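Q: One-letter residues, chain by chain:
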Amino acid sequence: MTENEKRPGAPKSRAGQNLTALIMNHYAMLHDAAKDKQFVVWASISVPTEIFKGFENVIVAIPENHAAMSAAKNAGVPLAQQAEAIGFSMDLCSYARIDLGTELGDPKASPAGGLPRPDLLVSDTNNCSLLIKWFDIYHRLWGVPHFVIDVPFCYEEQKETDREWIVGQLRELVTLVGSMTGQAFNPDKVKKALARTNEALVHWKAFLALAAHRPSPITAFDTFAHMAPFVVSRGEKQTALHYKMLLGEARARIDAGDYPVQNERYRLLWDNIAPWHQLRAMKARLAASGANLVHATYTSCIGTVEGGYAHYPYDGRDPLLYMARVQNFSVCPYGLRLRFKAMAEIIGHVGIDGVVFASNRSCKVYSIMQMDLQRLIEEKHGIPTILIDVDHADVRKYDEESVFLRIEALIERIDQNRGPGARPYRC
Amino acid sequence: MKGFDALERALGESGRPVVCCFPLYPPLELFHAMGFNPIVLWGLKPFLASTSACDKHVQTFACSVGRHLTEFLLSGDVAGVDSVFFYNACDTLRNLPEILSRNMIGAGRQAKFYHFHVPMQGLGAGVGRDYFKGEVGRLASSLEKDCHVAFSNRNFQDSVEKYRKMRGLHAVLQERVARGQLGFGRYARAVHEGHLVPVEAAIDTLQSLAREPPSNPRREGLHRVMLSGIMPPPPELSDAIERAGLVVAANDIASMHRSFRHTPRFNGDVGDYYVDFYSRHCPCPTLLFTADQRAGYLADMAKDNGVEGVIFVGEKFCEYEYLEFPHIEKIFKQNGIHVLSLEVSIDDRDNVAPLEGRIEAFAELLGSEGP
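Chains X and V, in that order, are what the protein sequence lines are. For the numbering used here, add 21 to where a residue sits in the first sequence, where the first one is 1. For the numbering used here, add 132 to where a residue sits in the second sequence, where the first one is 1.
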């Protein structure tokens, strides 16, 4: 067994242990706080959850995170099957099926015991439009209000009128939460939360930038796992501390010459949501071939806007205006031009030998346009690409051998491009 | 069904530039008033031999609506497409405009692309209403600039009246279908051809159809069903429904009744017109803010039309519809209405026998309980 193959089973780093503790504590806190009658919000991943810090005793659960975690812990399929048994089509997003199966079926199959019942649902069209229908199911079933943040699709830089529209909705959300909780909104607390998020993102972006080092001290798999604190506990001190720790560890790995793929020969970019059920297996098998997924569009976009690579910082001013502006952070709902820009920025900053486009049956908004993106990347950057079939949380729709057959073909093309005897880069 | 030649002839004879629109509820009156022939790209399968052009750009897990409209615009078989309009819809269609634009331009076809954003939080509140009126105004200004034609209230009013007439004829024809005087399949074909021709030609076709003598000799013992879905069933299945002794007494097909139910009054403000158009639109899963109205609307429609059963015509991969089906199905069953869920995929027109069998079994179930 090579050094690279041993690594995935190695003991967790301090940041890894901290991540586990942080996530376990988060889910325990959710259940405990709900028992204490705190106000529970279910929010989708693009909702700027710092806004809820303007109130006391409002806790936020993210169903997508719960679904991803369930898939990563091999609980995705049994939960999805519970939704399918109720009548939800297997063609629907596997996050939605896992979540619906958890909440409408037996939550005991969930690694977190499901989520506490919400008092308010808040979704966001900037994730995907499907999510609105998914939350609507709970809204109808439990009689819980469902607030939709409507974000115009991101084909270009955010227009002033679009920003005003989003700010108007955030004001309505503040009014709604205030009326439901009987509290006055404190914008200063939101400013503090945004400042903490800002600090977390400074560390996060510095962590991601280390991928430019050859060999890379990080993998996209690290970024998939460690995006969780940003998703579930934005605006908290512990999140900023976590990313500081993560950055410190990655820097220390460079100093120690200790890399996740020691013999890194192929630097790959991943385009789509993480294949949650394959993190360890895919990382190990790639590493055995000297390949490292050094970046992913899914995680690189966090902290940026509209296909940029640099952090878009909080200026300490109007929190609603800033939260509206950074609604365009997520790469997944971008149009083709901005998706290409985001990938080109990564290629320019990090150095990429090949791109793996994960065509994800559960995420049409992320996947449809990948065939054109493939052509664009190959034409404009001369970088070979492949399109593989994946489902982010339903392992039944994944075939490892087919995927690796294509990855091997990608590696062959990279070698061909380099020519005989060519060294890929200086280590 | 008419071929493309006939449809293109109808478009060409009108002498107006063509704007291809998707999804289903675009501002047709505005485009018409600005001198365009707006056509709606929906249900194009009967006109297309394959999806070979689309298959290079869109994965097979996209719905047939998206794949066919991509094929239509990229295959190069259609002459005279001057512009494309889209507004925000599902997660598949939102990705298509730039794919289309890039590849149409790549093929030397310089179509202009227009869009506006319909607030999915709803249009009732002040902020959403003002924002959307701004979107409509921005679109109108773009058209004025590009077409060198000034917007005119009089032209808009004339266009509104044409579309009102066309939608009114649909109500008459659906009533004839419900009485068993007109075959549903025949009506559906006329509707889908109507999406692709000038409104004036669509009105002519619908008027001719309305003047025809009743076509169905069998009017007794028919069981009344409602059809629901984003598209009507393929012609073979529509025929099978009627052969099985079912009459389509109520229609919740997005490209049919949902598209035609409401035409607002024009008060001199085009922004107000479209605020009314969308905010009072027939509930549809694609208009997210209508979600709370939908179950009640369908239950009332079924009751008002004496429906015994509902046939869901599920378009494979349409996430909007499929996330609502279990809830809607439950509501109908609670009201004692039988439900048949069919799933139609892109290839199912070539393989309808199993679906025909299920329709026959459903008709037998309704028959066993008496009309």
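What the hints contain is simulated information worked out from the structure, not anything from laboratory work. Nothing here was measured: the structure is a model prediction, and the numbers come from that model. Yeah, the Cβ is synthetic: ideal placement off N, Cα and C, and Gly gets one too. One thing to keep in mind: the hints can contain errors.
Claimed, not checked - Take a look, some chain V residues computed to stay more than 12 Å from chain X by CB distance:
hint: 1; residue: S146
hint: 2; residue: G468
hint: 3; residue: I469
As the list claims (entries may be wrong) - Quick list of simulated restraints, FRET-style, between CB atoms:
hint: 4; chain 1: V; residue 1: F245; chain 2: X; residue 2: G337; range: 35 to 41 Å
hint: 5; chain 1: V; residue 1: Y429; chain 2: X; residue 2: W163; range: 40 to 46 Å
hint: 6; chain 1: X; residue 1: E181; chain 2: V; residue 2: Q289; range: 45 to 51 Å
Q: Please go over all the hints and tell whether each is borne out by the structure.
A: Hints, verified against the model:
1. Every C-beta of chain X lies more than 12 Å from that of S146/V, the closest at about 31 Å, which supports listing it as non-interface.
2. G468/V, annotated as away from the interface, keeps every beta carbon of chain X farther than 12 Å; the closest lies near 19 Å.
3. Distance to chain X confirms I469/V as a non-interface residue, since its nearest Cβ pair spans about 16 Å, more than 12 Å.
4. Look at F245/V against G337/X: about 38 Å separates their beta carbons, and that is inside 35 to 41 Å.
5. For Y429/V and W163/X, the Cβ-Cβ distance of about 21 Å falls outside the hinted range of 40 to 46 Å, so the restraint is violated.
6. Taking 45 to 51 Å as the suggested C-beta distance range, the pair E181/X and Q289/V does not conform, at roughly 32 Å.
When each numbered hint is compared with the structure, violations occur for hints 5 and 6.
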